[in-house]
Amino acid sequence: MVTVNFAGLVPIALALVMAPLLQGVINRTKAFFAGRQGAPVWQPYFDLARLLGKGAVYSRTTTWVFVAGPVVGLASILAALTLMPLGGVGAFLAFSGDLVLMLYLLGLMRFVTVLAALDTGSSFEGMGASREVTFAALAEPPVFLTLAILAQKTGALSLSGILAGIGPTLWVTAGPMLALLTTALFLVFLAENARIPVDDPTTHLELTMIHEVMVLDHSGPDFAMILYGASLKLWLLGSLVVGLILPAGLPWFVAWPAAVGALILLAILTGVVESTMARLRMHKVPQFLIGALIMTLLALVLGAR
Amino acid sequence: MTMLLEGLLVLIVLTNLLMLGSSRLGVYIRAGALQGVGLAFLFFTGEGGWPEVSITVLALVTMVVKGGVFPMLLFRTIRQAGVRREVEPYVGFTASLLIGVAAWGFASWVGGRLPLPGVIRSDLLVPTAMFTIFTGLFLIVARRNAITQVLGYLVLENGVFTFGVALETSTSFLVEMGILLDIFVGVFVMVITLFQINREIEEIHMDSSKLSALKD
Numbered sequence: 001m002v003t004v005n006f007a008g009l010v011p012i013a014l015a016l017v018m019a020p021l022l023q024g025v026i027n028r029t030k031a032f033f034a035g036r037q038g039a040p041v042w043q044p045y046f047d048l049a050r051l052l053g054k055g056a057v058y059s060r061t062t063t064w065v066f067v068a069g070p071v072v073g074l075a076s077i078l079a080a081l082t083l084m085p086l087g088g089v090g091a092f093l094a095f096s097g098d099l100v101l102m103l104y105l106l107g108l109m110r111f112v113t114v115l116a117a118l119d120t121g122s123s124f125e126g127m128g129a130s131r132e133v134t135f136a137a138l139a140e141p142p143v144f145l146t147l148a149i150l151a152q153k154t155g156a157l158s159l160s161g162i163l164a165g166i167g168p169t170l171w172v173t174a175g176p177m178l179a180l181l182t183t184a185l186f187l188v189f190l191a192e193n194a195r196i197p198v199d200d201p202t203t204h205l206e207l208t209m210i211h212e213v214m215v216l217d218h219s220g221p222d223f224a225m226i227l228y229g230a231s232l233k234l235w236l237l238g239s240l241v242v243g244l245i246l247p248a249g250l251p252w253f254v255a256w257p258a259a260v261g262a263l264i265l266l267a268i269l270t271g272v273v274e275s276t277m278a279r280l281r282m283h284k285v286p287q288f289l290i291g292a293l294i295m296t297l298l299a300l301v302l303g304a305r
Numbered sequence: 306m307t308m309l310l311e312g313l314l315v316l317i318v319l320t321n322l323l324m325l326g327s328s329r330l331g332v333y334i335r336a337g338a339l340q341g342v343g344l345a346f347l348f349f350t351g352e353g354g355w356p357e358v359s360i361t362v363l364a365l366v367t368m369v370v371k372g373g374v375f376p377m378l379l380f381r382t383i384r385q386a387g388v389r390r391e392v393e394p395y396v397g398f399t400a401s402l403l404i405g406v407a408a409w410g411f412a413s414w415v416g417g418r419l420p421l422p423g424v425i426r427s428d429l430l431v432p433t434a435m436f437t438i439f440t441g442l443f444l445i446v447a448r449r450n451a452i453t454q455v456l457g458y459l460v461l462e463n464g465v466f467t468f469g470v471a472l473e474t475s476t477s478f479l480v481e482m483g484i485l486l487d488i489f490v491g492v493f494v495m496v497i498t499l500f501q502i503n504r505e506i507e508e509i510h511m512d513s514s515k516l517s518a519l520k521d
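Order-wise, the sequence lines are chains A and B. Mapping of the first sequence onto our numbering: residues 1 to 305, in sequence order. Mapping of the second sequence onto our numbering: residues 306 to 521, in sequence order.
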């Protein structure tokens, strides 16, 4: 049974318009910590416009897979957005088990990015693809376990149902559990969006990159699609983290501004984390993600009582 | 008040996991101190508001000793004896963390089945106490550095202490104070001994696997 909720189109429109703003806020926060003026928060929009006005260069070794990568990636993140509720207002589409579809649409996005990277035939991009997939495999269990615990607690099987069931009552009865899950999701949020301490989005030093290295060969509109997809992913996973904290059932004129405000706060928090922490050494990253998994396991024991 | 109590207990569990997963001695000592302070606050989560004077004194002494004196002693030993700041494990950190989670599951299972006298304020208290004891024992056997063995001993005692909080009504003030004093003397002696050993025999560098080779 698929429930269609037309009010859920508004969060999608908000995401489409405001997602690059989060990147801008993160960069501005980092600039503030570094004592710089920093680029305007609208800079990601200018970058996207600039890239869309350029032509793309394709290497002779690449095939259609390389061209399909950014397009399929953007399409799957757009599809995933229709399933993600914002601020306790139901998503555009909701059905039992849509959380699995949402996570695997993210998986599909990663898969085509990896394929496109391998298609270039560069050993350097192959290395990035290998790292990306290794760490993604470790980042998946905490998210699934978190959603499974929440589904059990709220008795709902769709993302909209789960996030609608989390409110002040659940925070009072199971506060420590929810706090652990929120922290674990935040750690995964940092890892999945290629932020410090897992990956450094600003570096172009070859040996330290995970995500950036895979997209080095894309240019022009293709690269714009990848950047836009990345900011939509930031927004999507951010809404999941924010959804755990914000109470559900508020009227729309409070819920949506509160959710957007919370997302901006999350972006500022990410910027603070990036300014105050160094990137972890590569062999420490699995430990970081296993830490997130262990928090969810702890929450599982707390929730099962 | 249950919220606060359970939050503190989760904090204690997390500090245990932090110690299992970290490779730095400084992190161990700070996590141990945080755990001690958290323990002291457990006394203030009772249903009847502010606790009696004797309990308040106990909590304050715990806070000062575990949160201030022990870390200071341990950091001083590290500095003066020139101990390496890494903990040199026998069991790797990720494996230790997973063992920790298994131990936490086991502690929850046993904790639910253990018949105890009196009313236990939260069904998380006994599992946390047992898990802290397991962590302490594990740190003693699975880390090579002698300072970690002192810390493991402290963590072990923190677990016993949590048990004491669980049975607050049936244990007396004097027993708790006695334990605290014993621990204080214990840590004092261990730290001084470690320092002396290190000064006499330069090359062992607090490596507990070589302590068995000591002769006079």
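FYI, nobody ran anything at the bench for these hints, they're computed from the structure. Careful: at least some of the hints might be erroneous.
[Stated by the list, open to error] Here are the computed distance ranges between Cβ atoms for each label pair: (1) B:Met-377 with A:Val-272: 49 to 57 Å; (2) A:Phe-144 with B:Val-415: 50 to 58 Å; (3) B:Leu-365 with A:Leu-280: 33 to 41 Å; (4) A:Val-172 with B:Leu-486: 38 to 46 Å; (5) A:Ala-304 with B:Gly-312: 41 to 49 Å; (6) A:Ala-304 with B:Met-377: 49 to 57 Å; (7) B:Phe-398 with A:Ala-304: 20 to 28 Å; (8) B:Pro-420 with A:Tyr-104: 41 to 49 Å; (9) A:Ala-31 with B:Gly-483: 56 to 64 Å; (10) A:Leu-280 with B:Phe-493: 32 to 40 Å; (11) A:Leu-9 with B:Leu-442: 21 to 29 Å; (12) A:Thr-61 with B:Ile-404: 17 to 25 Å; (13) B:Leu-486 with A:Ser-130: 40 to 48 Å.
Ideal placement from N, C-alpha and C gives every residue a C-beta, glycine not left out.
Outcome of the hint check:
{"no.": "1", "hint": "B:Met-377 with A:Val-272: 49 to 57 Å", "result": "30 Å, violated"}
{"no.": "2", "hint": "A:Phe-144 with B:Val-415: 50 to 58 Å", "result": "28 Å, violated"}
{"no.": "3", "hint": "B:Leu-365 with A:Leu-280: 33 to 41 Å", "result": "38 Å, holds"}
{"no.": "4", "hint": "A:Val-172 with B:Leu-486: 38 to 46 Å", "result": "40 Å, holds"}
{"no.": "5", "hint": "A:Ala-304 with B:Gly-312: 41 to 49 Å", "result": "18 Å, violated"}
{"no.": "6", "hint": "A:Ala-304 with B:Met-377: 49 to 57 Å", "result": "40 Å, violated"}
{"no.": "7", "hint": "B:Phe-398 with A:Ala-304: 20 to 28 Å", "result": "26 Å, holds"}
{"no.": "8", "hint": "B:Pro-420 with A:Tyr-104: 41 to 49 Å", "result": "47 Å, holds"}
{"no.": "9", "hint": "A:Ala-31 with B:Gly-483: 56 to 64 Å", "result": "57 Å, holds"}
{"no.": "10", "hint": "A:Leu-280 with B:Phe-493: 32 to 40 Å", "result": "37 Å, holds"}
{"no.": "11", "hint": "A:Leu-9 with B:Leu-442: 21 to 29 Å", "result": "57 Å, violated"}
{"no.": "12", "hint": "A:Thr-61 with B:Ile-404: 17 to 25 Å", "result": "47 Å, violated"}
{"no.": "13", "hint": "B:Leu-486 with A:Ser-130: 40 to 48 Å", "result": "57 Å, violated"}
Of the numbered hints stated above, those contradicted by the structure are hints 1, 2, 5, 6, 11, 12 and 13, listed in ascending order.
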